[in-house]
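> Chain residues, written in single-letter form:
Protein chains: 2
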Amino acid sequence: MATYEYKVRPTDVDFTGAQSMLSLCDSILLSAGEDADAGGFGVRNLDEHNATWVLSRFAVERDRAPVSGEHFKITTWVQSLDRIFTTRHHMVFDARDHLMARATTLWSIIDLASRKPVPLEWLENCAVEPHDIPGMNRPLRLRPLPSYECEERRTVRYSDIDFNGHTNTVRYIGWMLDMTAPERFRSHTIKRLDANFIKESVLGQSLTLKLDRCRDTDSFIVMGATPVMLASMEWR
Amino acid sequence: MATYEYKVRPTDVDFTGAQSMLSLCDSILLSAGEDADAGGFGVRNLDEHNATWVLSRFAVERDRAPVSGEHFKITTWVQSLDRIFTTRHHMVFDARDHLMARATTLWSIIDLASRKPVPLEWLENCAVEPHDIPGMNRPLRLRPLPSYECEERRTVRYSDIDFNGHTNTVRYIGWMLDMTAPERFRSHTIKRLDANFIKESVLGQSLTLKLDRCRDTDSFIVMGATPVMLASMEWR
Numbered sequence: 049m050a051t052y053e054y055k056v057r058p059t060d061v062d063f064t065g066a067q068s069m070l071s072l073c074d075s076i077l078l079s080a081g082e083d084a085d086a087g088g089f090g091v092r093n094l095d096e097h098n099a100t101w102v103l104s105r106f107a108v109e110r111d112r113a114p115v116s117g118e119h120f121k122i123t124t125w126v127q128s129l130d131r132i133f134t135t136r137h138h139m140v141f142d143a144r145d146h147l148m149a150r151a152t153t154l155w156s157i158i159d160l161a162s163r164k165p166v167p168l169e170w171l172e173n174c175a176v177e178p179h180d181i182p183g184m185n186r187p188l189r190l191r192p193l194p195s196y197e198c199e200e201r202r203t204v205r206y207s208d209i210d211f212n213g214h215t216n217t218v219r220y221i222g223w224m225l226d227m228t229a230p231e232r233f234r235s236h237t238i239k240r241l242d243a244n245f246i247k248e249s250v251l252g253q254s255l256t257l258k259l260d261r262c263r264d265t266d267s268f269i270v271m272g273a274t275p276v277m278l279a280s281m282e283w284r
Numbered sequence: 049m050a051t052y053e054y055k056v057r058p059t060d061v062d063f064t065g066a067q068s069m070l071s072l073c074d075s076i077l078l079s080a081g082e083d084a085d086a087g088g089f090g091v092r093n094l095d096e097h098n099a100t101w102v103l104s105r106f107a108v109e110r111d112r113a114p115v116s117g118e119h120f121k122i123t124t125w126v127q128s129l130d131r132i133f134t135t136r137h138h139m140v141f142d143a144r145d146h147l148m149a150r151a152t153t154l155w156s157i158i159d160l161a162s163r164k165p166v167p168l169e170w171l172e173n174c175a176v177e178p179h180d181i182p183g184m185n186r187p188l189r190l191r192p193l194p195s196y197e198c199e200e201r202r203t204v205r206y207s208d209i210d211f212n213g214h215t216n217t218v219r220y221i222g223w224m225l226d227m228t229a230p231e232r233f234r235s236h237t238i239k240r241l242d243a244n245f246i247k248e249s250v251l252g253q254s255l256t257l258k259l260d261r262c263r264d265t266d267s268f269i270v271m272g273a274t275p276v277m278l279a280s281m282e283w284r
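Chains as they are written, first to last, in this note's numbering: chain A, 49 to 284; chain B, 49 to 284.
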């Protein structure tokens with residue numbers, strides 16, 4: 049278990065003046081990367097074995113969003129390792145050690161050439177701390193809805209992709225928020241976000257984004273020829 | 049003159065494996081914000097006077113792009129204050145103190161209600177260090193071209209805007225790079241980027257983006273009813 053410190057930068061807040069869900073997700077993924085690097089099984093270590101980390105699912109719950117300039121920290125640990133998946137937990141605290149958010153991320157390691165999962169053998173020295181986050185449910189397994197209210201097309205472009213040439217995880221969430229009516233950010237806050245990543249999408253690929261709103265939960269899907277990712281967002 | 053330290057995060061690099069121009073611009077603007085905060089004339093200080101900083105122009109020149117995990121630092125100082133504009137310089141060094149990039153940013157302060165520039169009276173205690181960056185030209189004053197090669201429409205959405213409800217400065221540069229042929233990032237690097245910010249654009253606003261390529265320099269304009277911003281990018 050280790051703790052990493054961050055600060056909310058001016059570009060991390062949205063028009064409500066508080067840290068956006070996009071920035072929170074970014075920080076959570078960053079804490080996973082920092083902790084994997086510290087353990088000797090980070091992206092650069094795996095790269096030497098022609099392998100890389102792939103995020104498979106995540107769930108984030110948030111009670112309070114910090115404002116610009118606030119310091120915060122993320123305590124993270126690997127909770128379990130099975131043959132294919134690593135489960136990692138994250139607890140986000142403010143400067144006074146009040147819990148602001150919590151998250152669970154599920155990762156696998158894929159071979160860079162075959163894009164297939166490989167057994168987690170590089171993690172044999174990884175410390176596993178089996179306790180869960182109290183009161184938080186695991187990332188949901190999401191399924192496509194029969195139909196969605198809104199739909200739009202999008203082509204993956206330069207600023208959407210990351211170092212491995214695929215659409216950045218957090219960018220998908222940004223697309224979901226872009227399809228949300230802006231007034232919703234003034235009247236509601238995001239309570240919980242779940243995401244499942246099914247298939248990578250690449251530069252130049254044409255995607256269909258679909259959003260559906262049902263009471264307090266929005267459902268989102270990104271489609272290529274087949275589903276690319278799904279998300280659900282619960283508002284309060 | 050003060051120096052601020054940063055690290056290239058995994059999300060700061062583009063598909064070439066090096067820090068993107070977007071992340072470099074973000075860091076340069078962040079160093080301006082940190083230094084203004086330290087001097088007591090940051091965004092939060094001005095907010096108490098119902099005023100805010102507005103970036104009017106900038107120029108960035110880059111010799112080398114750092115890779116993920118590299119530490120770097122930005123030394124910044126206010127070079128001049130006139131009635132309306134503050135000129136700030138930025139020098140970007142790697143961990144071995146080699147100069148990697150340099151930038152000049154031109155700022156004004158506007159009244160939050162009238163959106164008009166106000167005299168820079170809050171800066172009377174601001175330390176001005178009049179030396180320039182050796183060998184670097186000032187940000188260019190850019191003018192619209194008679195015509196542009198490519199054109200597309202874009203609506204300003206949630207993830208495009210920042211805390212004050214306007215399109216984020218760096219987002220415009222992202223739109224420019226998104227219109228650039230991806231192969232260009234493999235065969236060339238960006239030598240110099242100039243940008244002029246004419247008018248703010250807001251959530252829901254419909255914009256026209258136009259790009260023109262002429263030898264080694266690309267010209268870009270964002271149009272609402274009138275020009276919103278212009279940029280030019282020199283490749284090597």
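Be aware that a few hints might be false.
Unchecked claim - Subject to a maximum C-alpha distance of 25 Å in a straight line, what follows is the list of computed DMTMM-like cross-link-like pairs (lysine to aspartate or glutamate):
#1 A/LYS258 - B/GLU200
#2 A/LYS121 - B/GLU200
#3 A/LYS55 - B/GLU200
#4 A/LYS55 - B/GLU53
It should be emphasised that the hints constitute simulated quantities derived from the structure, not laboratory data. Computed from a predicted model, the values in this text were never measured in an experiment.
> Each of the hints needs a verdict: does it hold here or not?
Checked hints:
Restraint check for A/LYS258 and B/GLU200: satisfied, since their Cα atoms lie roughly 22 Å apart, inside the 25 Å limit. Our distance criterion of 25 Å between C-alpha atoms is broken by A/LYS121 and B/GLU200, whose separation comes to about 41 Å. Of the pairs offered as hints, the one joining A/LYS55 and B/GLU200 is violated, with about 36 Å between alpha carbons and a cut-off of 25 Å exceeded. About 13 Å separates the Cα atoms of A/LYS55 and B/GLU53, which keeps this hinted pair within 25 Å; it holds.
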